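Participant: Now for the letters of each chain:
Number of protein chains: 4
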Amino acid sequence: MPSKTLNIGLIGYGFMGRTHSNAYKRVNDFFDLDYRVNLKAVCGRNEENVKAFAEQWGYDSYETDWKALIARDDIDAVDICTPNNFHKEIAIAAAEAGKMILCEKPLALNVEEGEEMVAAIEKAGVANTVWYNYRRVPAVTLAKQLIDEGRLGKIFHYRANFLQDWTIDAELPQGGEGLWRMDAAVAGSGVTGDLLAHCIDTALWLNGNMKDVSAMTETFVKEREHVLTGKKEPVTIDDACTFMGHFENGSLGLFESTRYARGHKALYTLEINGEKASIKWDLHDLHRLEYFDHADDSLVRGWRSVHVTDGDMPYMDKWWVPGLQIGYEHTFVHQVADFVENLSKGEPTGPTFADALETQKVCDAVLKSAATRQWENV
Amino acid sequence: MPSKTLNIGLIGYGFMGRTHSNAYKRVNDFFDLDYRVNLKAVCGRNEENVKAFAEQWGYDSYETDWKALIARDDIDAVDICTPNNFHKEIAIAAAEAGKMILCEKPLALNVEEGEEMVAAIEKAGVANTVWYNYRRVPAVTLAKQLIDEGRLGKIFHYRANFLQDWTIDAELPQGGEGLWRMDAAVAGSGVTGDLLAHCIDTALWLNGNMKDVSAMTETFVKEREHVLTGKKEPVTIDDACTFMGHFENGSLGLFESTRYARGHKALYTLEINGEKASIKWDLHDLHRLEYFDHADDSLVRGWRSVHVTDGDMPYMDKWWVPGLQIGYEHTFVHQVADFVENLSKGEPTGPTFADALETQKVCDAVLKSAATRQWENV
Amino acid sequence: MPSKTLNIGLIGYGFMGRTHSNAYKRVNDFFDLDYRVNLKAVCGRNEENVKAFAEQWGYDSYETDWKALIARDDIDAVDICTPNNFHKEIAIAAAEAGKMILCEKPLALNVEEGEEMVAAIEKAGVANTVWYNYRRVPAVTLAKQLIDEGRLGKIFHYRANFLQDWTIDAELPQGGEGLWRMDAAVAGSGVTGDLLAHCIDTALWLNGNMKDVSAMTETFVKEREHVLTGKKEPVTIDDACTFMGHFENGSLGLFESTRYARGHKALYTLEINGEKASIKWDLHDLHRLEYFDHADDSLVRGWRSVHVTDGDMPYMDKWWVPGLQIGYEHTFVHQVADFVENLSKGEPTGPTFADALETQKVCDAVLKSAATRQWENV
Amino acid sequence: MPSKTLNIGLIGYGFMGRTHSNAYKRVNDFFDLDYRVNLKAVCGRNEENVKAFAEQWGYDSYETDWKALIARDDIDAVDICTPNNFHKEIAIAAAEAGKMILCEKPLALNVEEGEEMVAAIEKAGVANTVWYNYRRVPAVTLAKQLIDEGRLGKIFHYRANFLQDWTIDAELPQGGEGLWRMDAAVAGSGVTGDLLAHCIDTALWLNGNMKDVSAMTETFVKEREHVLTGKKEPVTIDDACTFMGHFENGSLGLFESTRYARGHKALYTLEINGEKASIKWDLHDLHRLEYFDHADDSLVRGWRSVHVTDGDMPYMDKWWVPGLQIGYEHTFVHQVADFVENLSKGEPTGPTFADALETQKVCDAVLKSAATRQWENV
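Residue numbers (the numbering used here), protein chains in the order written: chain R, 51 to 428; chain E, 51 to 428; chain X, 51 to 428; chain U, 51 to 428.
Just so you know, these hints were derived from the structure itself, not from any lab. Bear in mind that the values here come from a model prediction, so they are computed numbers and not experimental data. Among the clues, some could well be false.
Put simply, identical chains are the same to the list, so a pair is met inside one copy or across any two.
[As the list claims (entries may be wrong)] With a cut-off of at most 30 Å between alpha-carbon atoms, the simulated DSSO-like pairs for lysine-lysine come out as follows:
(1) Lys194 - Lys326
(2) Lys75 - Lys54
(3) Lys101 - Lys395
(4) Lys101 - Lys54
Hey, can you work out the whole structure from these sequences and the hints?
Facilitator: Structure, rendered in structure tokens:
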């Protein structure tokens with residue numbers, strides 16, 4: 051049973067605020083940890099709303115000023131769930147206050163901000179992690195394990211895409227609380243930072259760093275009404291982004307993301323082709339891993355659909371029984387569990403801020419390449 | 051926000067104890083209800099274990115005698131998670147004590163027991179439900195909605211199976227705490243009560259009652275070591291059970307269950323063929339519903355794979371965003387949510403004890419038919 | 051190169067007449083055989099139509115009386131593609147004339163007829179085969195090979211179905227040239243002889259003979275206009291048939307067929323569950339075999355989708371290159387190729403008349419069981 | 051019935067020689083045409099082999115000098131199945147001789163050659179076509195029909211890939227008769243001309259011409275033994291090629307091809323995302339088309355798996371019955387059928403030499419971009 055308490059202060063309470071709160075509340079039910087995770091405080095600018103959120107989720111208290119939250123002695127870890135343009139300021143202040151930090155992805159608006167943030171947490175020496183949650187889908191974690199065991203051999207190809215279709219309607223507005231992801235001033239970029247960043251984080255984790263990229267972006271709908279001004283304004287984000295490039299291990303990368311792929315809700319797929327074996331995964335059926343092993347007897351060789359629900363598979367001993375799938379939200383529970391376990395061991399929890407900065411570097415190179423129409427080094 | 055409290059007393063704390071406890075703990079985070087569900091007490095015979103369980107899950111207290119738990123004034127609802135052979139005695143005692151009852155499936159060891167239980171809860175007039183949780187997989191609930199809207203038209207065929215492979219090893223023992231499902235004295239039957247009962251509950255809900263059945267059972271491994279005696283003893287359960295029959299609506303039913311289907315962990319599938327449309331579902335990918343609509347333009351007519359994750363689909367407005375799947379455990383959360391909502395409205399929550407008795411009648415007819423090698427009326 | 055000629059006389063020129071003619075014409079292009087197969091004559095009652103068919107397909111000649119065809123000295127082998135009620139008479143006459151016989155399935159209207167036919171060909175000592183073509187889908191032939199190698203171990207379950215949806219419309223008439231399959235006087239039965247017979251032939255080939263069955267049939271539309279009389283008349287065939295039973299090897303069988311399963315065109319699927327491995331196949335994707343091997347490393351164990359297009363797989367060295375699929379018609383080419391090869395070797399080509407009689411026995415037991423509502427021995 | 055004869059002279063008798071010969075032999079069995087297609091002569095340099103091929107397939111005669119074949123008066127159409135480096139010379143000579151020409155793809159080694167060939171056939175005014183056979187997979191033809199009907203609306207994305215794994219083994223040699231596709235001097239390029247050319251032809255047909263591209267190529271194995279010299283020599287082809295670009299209709303294109311994608315035999319897939327609907331297709335299951343229609347009722351909206359085997363679907367009235375699939379070779383039969391029908395009508399049969407030149411322009415731009423690491427206009 052937990053002998054210590056980890057008090058969380060959450061800043062921002064939108065969609066990600068819910069996924070994180072759920073993770074903190076559930077982790078001790080399923081994982082045997084040294085710390086009991088406690089929902090100490092949540093912070094938001096609108097008092098009525100933040101109070102309701104605190105009551106709904108059982109936070110002990112709430113704040114309306116994030117600086118006040120950071121200043122509290124009873125907060126051990128700060129969780130940053132704000133729009134992207136606040137990440138840097140809050141993270142640096144939290145680091146200076148000696149708080150652990152769990153920051154939503156992408157790390158920052160750009161590499162420059164990210165470097166300041168990394169410098170701050172390194173100076174402060176505080177535990178930190180960034181919520182690239184898909185690393186902890188059991189099937190993806192299993193892929194990492196298989197690669198690390200050398201089962202794929204030399205890698206030739208890594209490809210990933212993240213396809214959605216929710217912004218096709220030209221009447222959809224941009225900006226404001228709900229649609230800040232469509233405003234580059236707040237989000238930093240469009241699909242590159244929102245979706246491709248996930249693909250890149252997983253790719254660097256599974257396949258190592260990238261050397262260079264050539265990219266293409268597109269904004270299909272050029273103007274949309276802005277929620278805050280009520281006027282038609284230019285759309286500043288990338289609706290779609292495609293890039294190719296080279297990994298340091300000699301393999302080729304191919305990535306695509308869009309919010310204009312009719313029929314796909316959140317189709318994050320990845321595939322890795324190695325000399326000896328290949329792997330495929332798809333967020334729409336996240337509990338399955340496709341695996342092809344060339345060493346199989348040729349008469350019965352084929353892609354295996356592995357139902358990742360057995361107790362010997364990553365994280366799955368904590369949940370139910372074989373055949374019974376878990377879902378999206380569990381990835382966040384796993385990240386909290388790993389963060390707390392690593393805290394006990396004094397070890398970092400990837401992706402750290404430093405890891406996320408590598409992803410940011412690829413994102414920035416991608417956006418630059420799209421602008422210059424040149425290959426760019428990462 | 052909830053203005054009232056519903057105090058739960060849980061009896062039994064095995065696999066189902068975990069799924070129910072999780073449901074009680076999570077329901078208020080996601081559903082807006084009049085009652086806050088409270089984990090008041092858990093009961094088990096082994097004090098050390100039940101105490102640990104209570105601490106793990108945050109129960110206010112524990113008991114080691116279920117009669118003591120039922121006698122407590124601070125318990126509103128009793129949840130029965132014991133092996134099947136205790137269901138009747140506990141349910142009747144709880145009803146007599148005026149407690150609401152949430153009982154694990156199957157309702158009872160046989161129809162006679164079930165009838166006593168139904169009589170008891172009807173006399174007591176207490177709210178009741180049986181945990182046939184698969185009704186509340188969103189895809190299955192959606193199937194019910196589509197059928198009720200008349201989209202399938204006249205039904206010709208209903209088929210379902212529940213295939214597993216975990217008892218193939220002849221060295222697997224039987225009995226005791228972990229393997230009581232392999233002992234007919236405790237479980238009532240083998241796959242019929244454990245697996246087919248789920249298929250039957252869903253079938254009666256979606257397609258109405260059955261008239262008659264013809265069944266076949268098999269016990270592939272005739273003797274296994276018994277955990278409690280340490281000796282080889284006859285296996286008393288059915289390892290596999292197949293039956294066919296007629297529904298009252300004129301459609302044909304075909305059901306199969308086994309624990310000897312190599313390659314299937316918990317493959318519960320169902321398919322319904324109607325005059326106008328058909329539906330398929332598979333527990334291994336529970337977040338998808340397959341739908342075929344004959345009215346589609348013939349050039350582009352085909353089975354549609356519906357990713358049941360949108361906000362207009364049953365229960366899904368409570369969870370995440372389109373494309374992000376939920377899992378097995380959520381079905382229990384949904385049942386608690388419905389139970390509490392119906393409590394506010396004074397309405398029953400299916401499957402009630404009376405509903406579950408209908409399923410028991412089919413199970414008993416199936417087992418009888420297998421024994422007599424005759425068609426049996428339900 | 052072929053040094054000898056095999057002259058074919060085809061009786062009947064409907065759908066099956068086309069598939070067989072195609073097989074005869076193509077076999078020497080792809081298989082290296084001792085005989086060149088020659089389309090010598092085709093026979094049909096309507097001279098205009100049979101003449102057109104002969105010209106279309108390149109038959110050397112045509113006949114309008116099957117007895118005349120059988121009497122010709124230049125015919126080596128008679129192919130019977132007539133409606134089922136003519137099989138017996140023609141086959142016996144052909145045998146008596148010393149012709150080889152290739153007969154469409156099912157062998158006969160019933161076991162009695164089948165026994166006469168077997169007696170006739172055995173007496174005559176002529177080469178014979180029945181066109182249960184699905185044995186020679188490469189994926190199915192591969193399944194046979196895997197089973198014979200012992201890869202599945204002891205078999206527990208065999209299940210198959212054949213689902214269609216083309217007779218749901220109650221306005222569809224019955225009888226006549228095009229719809230004789232809906233008239234029991236001509237076809238012998240409905241889905242049992244037309245569809246289940248295929249499932250049974252494959253099952254007996256892969257899994258051995260059956261001991262007993264319990265069956266249920268249904269005729270959903272009770273009356274249909276008869277093409278020959280223009281009047282509404284009772285429908286005499288079974289629209290749907292389900293049966294279960296025991297194989298001699300101790301495994302359980304489950305079979306279903308219907309023409310009322312909306313969404314399925316010709317969904318013939320089979321699955322075999324063994325102690326060590328399982329196999330699945332589906333006619334709708336006939337070039338794939340699903341294979342599950344329990345001996346696989348548990349971390350990457352799953353159903354393998356084998357794309358049966360490689361040169362080391364049955365028959366596939368004769369066609370294209372890996373990844374390029376063949377289709378339905380090739381099964382008939384394979385059967386002709388095997389028939390001709392076996393002719394050179396003096397060996398029988400399964401399914402022989404004797405094999406097909408075993409299938410007929412199961413069909414008759416199934417229909418009897420459905421009538422008596424009793425278990426029936428095969 | 052055919053009243054005229056079309057005499058074919060085939061040059062080259064490798065893998066493609068077989069697929070074309072089969073198409074010529076089968077087309078009149080299934081299509082009602084004005085011309086009977088006749089296998090008049092086949093030409094190859096090795097007399098023994100070409101004679102055997104002629105006998106195997108039933109050619110009336112053979113030649114060992116392609117110029118002799120072209121000079122024959124009894125040849126109406128010349129089919130060029132040689133390695134790519136002979137296409138130009140033969141095609142120009144055949145055009146000058148007034149022969150119709152059916153040329154294997156890619157059209158030529160490069161745009162310059164292609165332009166000479168187009169000039170020659172235009173000057174001669176002869177019927178011509180290039181064997182980009184995948185246009186005539188019924189599912190792909192259906193896709194074209196759906197797009198032309200406007201069902202997809204404005205197109206946002208077109209993506210395709212062609213993945214194989216047969217050259218991963220570093221011991222595989224290059225060059226010679228069997229492996230000329232691995233020798234750029236003979237083939238022109240590697241996967242770009244062999245595989246991507248197929249993807250590009252289909253893309254231009256379905257989605258219009260491209261404006262510009264940015265490409266990346268890779269040769270993973272740098273040296274291989276050359277069959278003709280017996281020595282290790284540099285590999286001159288591209289093992290993998292990825293490119294992105296813009297279509298003239300404003301949509302984005304993404305293409306990838308490789309022979310190093312372990313687990314894929316011939317995985318040619320394409321996907322088109324439009325404002326109203328999307329389409330997917332996969333050569334490994336070529337008889338299916340995936341279709342998503344956003345106008346569907348949201349409760350039952352999903353990707354439809356259309357089994358392209360019904361009589362109202364392109365070409366399928368010529369073959370069997372719903373549910374029974376055709377295969378790879380049928381695409382060639384369809385192309386011959388269309389060629390002959392268009393001959394009767396005096397209309398061109400796409401892809402013509404001029405169409406194939408557009409594909410060649412994209413291929414050349416792709417290879418140039420990979421070399422310059424710049425965007426290149428098509």
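Participant: Which hints, by number, does the structure contradict?
Facilitator: none
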